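*Asks:* So the protein sequences, as listed, match chains A and B.
Sequential numbering of the first sequence, starting at 1, is according to this note's numbering.
Sequential numbering of the second sequence, starting at 1001, is according to this note's numbering.
Calculated directly from the structure, the hints in this document are not laboratory data.
Keep in mind that the hints are not guaranteed to be accurate.
[Unchecked claim] Here are some chain B residues the structure puts well away from chain A; computed CB gaps all over 12 Å: (1) S1018; (2) E1026; (3) R1056; (4) S1074.
[As the list claims (entries may be wrong)] DSSO-like cross-link-like pairs, simulated, lysine-lysine; straight-line CA separation at most 27 Å: (5) B:K1037 x A:K59; (6) A:K59 x A:K78; (7) A:K57 x B:K1045; (8) B:K1045 x A:K3.
For clarity, every value in this text was computed on a predicted model and none was experimentally measured.
Built from N, CA and C at the ideal position, the CB exists for glycine as well.
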Amino acid sequence: GPKVLQIPSHQIIDMGQMVTLNCDPVSNHLYFYWYKQILGQQMEFLVNFYNGKVMEKSKLFKDQFSVERPDGSYFTLKIQPTALEDSAVYFCASSPGTGRRGDTQYFGPGTRLLVL
Amino acid sequence: GEQVEQLPSILRVQEGSSASINCSYEDSASNYFPWYKQEPGENPKLIIDIRSNMERKQIQELIVLLDKKAKRFSLHITDTQPGDSAMYFCAANTGANTGKLTFGHGTILRVHP
Chain A
1 GPKVLQIPSH
11 QIIDMGQMVT
21 LNCDPVSNHL
31 YFYWYKQILG
41 QQMEFLVNFY
51 NGKVMEKSKL
61 FKDQFSVERP
71 DGSYFTLKIQ
81 PTALEDSAVY
91 FCASSPGTGR
101 RGDTQYFGPG
111 TRLLVL
Chain B
1001 GEQVEQLPSI
1011 LRVQEGSSAS
1021 INCSYEDSAS
1031 NYFPWYKQEP
1041 GENPKLIIDI
1051 RSNMERKQIQ
1061 ELIVLLDKKA
1071 KRFSLHITDT
1081 QPGDSAMYFC
1091 AANTGANTGK
1101 LTFGHGTILR
1111 VHP
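For reference, chain B alone in the conformation it holds in the complex (with noise of 0.2 Å):
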């Protein structure tokens, strides 16, 4: 298959605490697993990402860990603050050699002051 599956759909947390957000997959020939944030009336954009090479990668506030065996990956934000609240979509990229990327179905993330 290649479904990816994303927790939780919806994450209330308070400012300067952390964020998580899980997602696991189906195609095992996944090697690529993007970070996608989007807020309302936007385009998707890109602000983390992983690839099979790798077991976790840090941009400032934001952690990725994947587990190639358990088919699954994260995302961590730490020190969360009201900026970060938006709807965040984790994706991997399935099926024939063609690049087609495979979205979870999103995580909306507030952060309360």
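Chain A extracted, bound-state conformation (with noise of 0.2 Å):
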């Protein structure tokens, strides 16, 4: 099926640190998303991404949070500062944006954030 990348696979920072998570969405996809998950628990989302803007953020996305795709290259969420509850595992999800509620959305891999 549709394949969603994401890199890195782990990333272990300290607290205060910036990091950015890269996303490589399916090639002809355009809505964006990213899920938080914290060990043991459902997937949590974050916010989604069109048309190189911010369509809806959760509570969850703190103002240390900012996503963007420069030039149809990596989606990427930066984290900055970053604090000890960042903790967690990001997943990247892409939908091929068809206009309606209801796009099917690929998961990626994730990245295994660890902040000390």
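With the hints in hand, could you dock these two chains into one complex?
*Replies:* Shown next, in the form of structure tokens:
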């Protein structure tokens, strides 16, 4: 099936540092998402992105978070500065974007972020 | 609200029997209900989904039912195999018209030989 790639697979950083998580969505997809999963819990929506803009963000998407996709390259999630509670697995997802609710979302393998 | 409730949290069944997971949702505008299977250390993989114009969908041993009036949907795995052991998440699209998925808390399914 369609594949979403994420780089890196693991990241360990010190609290207060900046981190950038990279996502390579499915090539013809138009909508991009970030979800956060803490060990043993469900995925929680952070943000979605379309046509260069944030469409919707949740309460988990703190001021320290930002997303962008410059010139059709990676879709990135940047956290600056990081906090201990940011430790989690971050999943990127993309969907074709037919413009209607209910697009199938395909998830990448995740980036395991550990903030020390 | 946008909550999605999922039960049970843990389900143990004997190989060859059926397993059922139930979810309920609050957002009356939700019209898309996917189910994801997640194995330890892996990403969630879509296994089946149903849209609000259907009440029942089957793909091989997977059956999903949707009751829009009651705001409930369920996954039934018939003839379970040890390879079906995993975490299962239901989800519903919620909120503004942006495709956001709200997930249930997950069900750990263990199929015993």
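*Asks:* Could you run down the list of hints and mark each one as holding or not?
*Replies:* Against the structure, the hints come out as follows:
1. S1018: holds (24 Å)
2. E1026: holds (15 Å)
3. R1056: holds (17 Å)
4. S1074: holds (17 Å)
5. B:K1037 x A:K59: Distance ~26 Å between K1037 of chain B and K59 of chain A Cα, so the pair holds.
6. A:K59 x A:K78: Holds, at about 16 Å.
7. A:K57 x B:K1045: holds (23 Å)
8. B:K1045 x A:K3: holds (11 Å)
Checked against the numbered hints above, the structure violates none of them.
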